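S.K.: Sequence:
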Amino acid sequence: MEKVDVITGTTAAAIGAKLSNVEVIAAYPITPQSECVEVLAKFIADGELDAEYIKAESEHSAMAACIGASATGVRTFTATASQGLALMHEMLYIASGMRLPIVMLNTNRALSAPINIWCDHQDSIAERDSGWIQIYAEDNQETLDSIIQAFKIAEDEDILLPVMVCIDGFILTHTVEPVHIPDEKKVRDYLGVYEPKHAYLDPDRPITQGPVGVPECYMETRKQISDAMERAKDVIKRVNEEYYEIFNRRYGNGLVEGYNLEDADTVLVAMGSVCGTIKYVIDRLKEKGKNVGLLRVRTYRPFPKEDIKEMLEGAENVGVLDKNISLGFNMGALGIEVMA
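Read the sequence shown against this note's numbering and you will find it ends at 514, with the numbers running on by one and no gaps.
The set of hints was computed from the structure by calculation and includes no laboratory data.
This one's a predicted model, so the numbers in the text were calculated from it and none came from an experiment.
The beta carbon of each residue, even a glycine, is placed where N, CA and C say it ideally should be.
Take the hints with a grain of salt, since some may be wrong.
The list that follows gives simulated cross-link-like pairs (lysine-lysine, DSSO-like), each with its CA atoms no further than 27 Å apart [unchecked claim]:
#1 K411 - K453
#2 K479 - K462
#3 K407 - K397
Each pair of labels, with its calculated beta carbon distance range [stated by the list, open to error]:
#4 V248 - D439: 43 to 53 Å
#5 C391 - E331: 15 to 25 Å
#6 E480 - Y267: 21 to 31 Å
Turn these sequences into a full structure, and let the hints steer you where they fit.
M.R.: Quick look at the structure:
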């Protein structure tokens, strides 16, 4: 039976991973992510989750452990933020290149220097070309739901790519909100038992994973990842609808969400928790006779350019709110891609 609890974003993510029946968690603590893996460690210690918890000595090692675990054919989860995600950089490309359906919570936090533990999106935006699907949640409910959906997307036979669920540091990670927690059996029936198709440990089927690739093979792997990213657009939309049918919650079409776009002459484009504030302001402006809309980009990778183009058609003014900057271009990455 579904229940409601008042929890933080990191706890919501941990519960989402638990409901998804993860088998291996490898992580290294970092603010503002630490609570997520602490809650998961407690689930394991209390016998509520049958999983292996690997206490890595760094985020680089944590992702390496996730790669090794996923390559043996088990459902794998990790969490990080900021400098930790940056330290994982080398391993992120290996995870996607090996087509491993790892799911990671990234609690968005600014990159040093100077040292800044507060939120911006620079950490995940810097990894936008790493071959990871990126989903940005607006609130804690969406955080929990997105973790569950992420496994469904990542493990799809037509995709087999890792997924990064991004939530705003402190704004969501340390703020409590009412969250509907789905029935565990319903979630496990929805996801099913993970049955790896290409990467798993079997002495009777020895394979080499992550070998040297000559230029011709390397280019082919890049093309395959690119094609899988494009296919992911339809899969994300389908997963969003299937989730709605079972749990009565959906997030736009899975890629983007429109708010008050009908006849809006001015449209704001944004990602993450700020969209909740924008919706509030839009409602207040509407009371004053001003018609402003919001286009929330939920899935940043793959970039939903077709949906964005269609939803912005007819808008006289478009403003993009970015929590990052592409230094040298002197615009935010979302703004650059919307403009393109």
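S.K.: Now tell me if each hint is right for this structure.
M.R.: Cross-check of the supplied hints:
The suggested pairing of K411 with K453 holds, with an alpha-carbon distance near 23 Å, which does not exceed 27 Å. Annotation: proposed proximity of K479 to K462 is violated, straight-line Cα distance about 32 Å (limit 27 Å). Proximity of K407 to K397 is assessed by CA-CA distance (about 16 Å); at most 27 Å being required, the pair is judged to hold. A beta carbon spacing of about 51 Å between V248 and D439 agrees with the range 43 to 53 Å that was offered as a hint.
Between C391 and E331 the beta carbon distance is about 21 Å. The supplied range of 15 to 25 Å therefore holds. Checked against the hint of 21 to 31 Å, the pair E480 and Y267 passes, with Cβ atoms roughly 26 Å apart.
In the structure shown, a violation is registered for the earlier hint numbered 2 alone.
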